[in-house]
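Novice: Chain X is fixed; fit chain U onto it per the hints.
There are 2 protein chains.
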Amino acid sequence: MWPPLQNDCFLRACLRQPTEYTPLWLMRQAGRYLPEYKATRVKAGNSFMGLATNVEYATEVTLQPLDRFPLDAAILFSDILTVPDAMGLGLSFGAGEGPRFARPVRDEAAVAQLAVPDMDKLRYVFDAVTSIRRALITTDGEGRRVGRVPLIGFSGSPWTLACYMVEGAGSDDYRLVKTLLYSRPDLMHRILAVNAAAVTAYLNTQIEAGAQAVMIFDSWGGVLADGAFQRFSLDYTRRVVQGLQREKDGQRVPCIVFTKGGGPWLDEIASVGADVVGLDWTVNLGRARQLVGDRVALQGNLDPNVLFAPDEAVAREAVAVLDSFGRPQRPDGGWDGHVFNLGHGISQHTPPERVATLVEAVHSHSRALRSPV
Amino acid sequence: MWPPLQNDCFLRACLRQPTEYTPLWLMRQAGRYLPEYKATRVKAGNSFMGLATNVEYATEVTLQPLDRFPLDAAILFSDILTVPDAMGLGLSFGAGEGPRFARPVRDEAAVAQLAVPDMDKLRYVFDAVTSIRRALITTDGEGRRVGRVPLIGFSGSPWTLACYMVEGAGSDDYRLVKTLLYSRPDLMHRILAVNAAAVTAYLNTQIEAGAQAVMIFDSWGGVLADGAFQRFSLDYTRRVVQGLQREKDGQRVPCIVFTKGGGPWLDEIASVGADVVGLDWTVNLGRARQLVGDRVALQGNLDPNVLFAPDEAVAREAVAVLDSFGRPQRPDGGWDGHVFNLGHGISQHTPPERVATLVEAVHSHSRALRSPV
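Order-wise, the sequence lines are chains X and U.
Following the working numbering, the numbering of the first sequence begins with 13 at its first residue and continues without gaps.
Following the working numbering, the numbering of the second sequence begins with 13 at its first residue and continues without gaps.
A hint or two may mislead.
Because identical chains cannot be distinguished in the list, a pair is counted as satisfied if it fits within a single copy or across any two copies.
[To be verified] Below, in silico cross-link-like pairs of lysine to aspartate or glutamate (DMTMM-like), each with a Cα-Cα straight-line distance of 25 Å or less:
#	residue 1	residue 2
1	272	184
2	272	185
3	260	132
4	50	91
5	50	184
Simulated from the structure, these hints should not be mistaken for laboratory data.
Here chain X stands alone, though its shape is the one from the complex:
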């Protein structure tokens, strides 16, 4: 049904197969730093969820960065909070504010009512996945139908969703969710079990709809204490990974796990069964590769603030990240995998020209890294 990929470099890097260069995509690559994104958002009533719930607009903004920059993957335009919204918690985005839930989950009664949502309530997400995958089809130089780049689906991790569900909004200190965790671990485990089942179904339905890789954003795993992280975040991420459909149409569907601030637990994160581990910029890529590079590919890890510096500095820092990982070919002839990315979402204040500089620097230096020495 789906045509073959024109550029499958990203998928090969995820699976630790040979690549001619290091593929890159950027977290939040479809976003407010692009004027064309802002224009589409205005059409959608200047509302984030207006964009995310409209298949046409979600498709449009997903493709915008690919039309500007030769990125190696597309990522579904959506939000991690679609799942708790479908659970009935009442998501809204106030003007100039972050997300907010009308009905946060803070007591035994609210926890008892939680259930895996009917995936039909998330139909708009799956429809967007299929629509984007279709929109990525083009014709190559020889007139064949091809997919331009792979499409990544995603979800928040069970713990990260729980943070928002209990806090009801973003938080500085995660006081409410941690109070629940330490006071009533039984309730916390019940929320996480529901979330894990929901996230598994959500990602598998994205894969059915056309996602060629999936990423689990454990954005708030890094706020947990050692010990609590393993029990309340990683164990449930593992449950999701183990429940994922890993092959579709004869192709492996790589799974990426990214814990912001997860550096101290890299070894354990690399053992949950994902193909790729995302790293933030605090992690030394070379050391991470030594530790887990024979088990997983690594994704990351430029500080997005580098993109506020002049072009020379952007190129220099991109080269430093690539050099820290090193030549992906191992002395034994095998390959380790590196997918270049930022260590966090791109800032809305980023000048788009700097992204062009970054893409060029990553592609050209990584080709040079692979040339015979």
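Specialist: Coordinates of chain U only, in the frame set by chain X:
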């Protein structure tokens, strides 16, 4: 001049000497979670700097937690931003807001004007140190004058001060300071060199005034990328540590370095020459001890949010931290050092009774840990 200490358990743990139990103190132990602190603050015009700049009030609030709980150290009541304030940047605390500088340092001209401030402008801090040290003197059971517990002085690290100096206030993303760092590393290094000299003088003058240990808070070191952390934070922290007076009145003055989010760089942080390394709650204490426990004592690392849970949970989590470090006696007969603390400042919302539970749990379980097996 100063009488001997009644309780020097904290100093011995810092220096990896035998102790009968694990000493503890809490970052921000003199603070808004205590009703008596709020009462003093009202007397000081409900102003943080009103408290910090008044020797009498600063002394009063420093001693308040010691009168409630058998803590093993006092820490000077002050703020890390006193140093840039003395540089002339114009510190203010808006109502309900964080700190703000009227004249942030963002361009070449502002950087050129920076200089190590005259320590006389910080006289109120040194006077507070001496006043607190005096107020800590009591009479023991046999009528001898003794110091109740050691007094810790402190400063922000050169990098952490620079964050505030460039941003002009707290920040979510450190965009301005990182833009400067990546665009004009020469200016950043100049700011940091001035800060390092200022912090060194500031801490040495605190030691002269009576501080028996000093702590460097690298609160924002953890936001830097690997590589940038070493060059822009750790190198300047090292410069401070190496410039410190380490002995006073025949006593070693221990130096504690705490980088929030510094877990990935523990080995390097342990090599700057400090006696103690502070750890946040993401770090596994047992593993940290294996890695660096033969070089430094460790301080930390309970998640302050544990103090919102019931007493049983507080005690259980305190025991887990102590057990993670393990018996401080090594099989070879030597001792490793552990100072119990939170991994961050105590929250203003903490019920004070939970602190009593914590202190009791740490003291009693750590005595039990030392008993012959």
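Novice: Compare the structure with each hint and give your call.
Specialist: Against the structure, the hints come out as follows:
1. When the C-alpha separation of residue 272 and residue 184 is checked against a cutoff of 25 Å, the pair qualifies both within a copy, at 15 Å, and between copies, at 15 Å.
2. Taking the shortest alpha-carbon separations for residue 272 and residue 185, both the intra-copy value of 15 Å and the inter-copy value of 14 Å come in at or below 25 Å.
3. Proximity of residue 260 and residue 132 under a CA criterion of 25 Å is satisfied intra-copy only: 21 Å inside one chain copy versus 71 Å between copies.
4. In this assembly of identical chains, the alpha carbons of residue 50 and residue 91 lie at most 25 Å apart only when taken from the same copy (17 Å versus 42 Å across copies).
5. In this homomeric assembly, residue 50 and residue 184 come within 25 Å of each other (Cα to Cα) only across copies, at 22 Å, whereas the closest approach inside a single copy is 28 Å.
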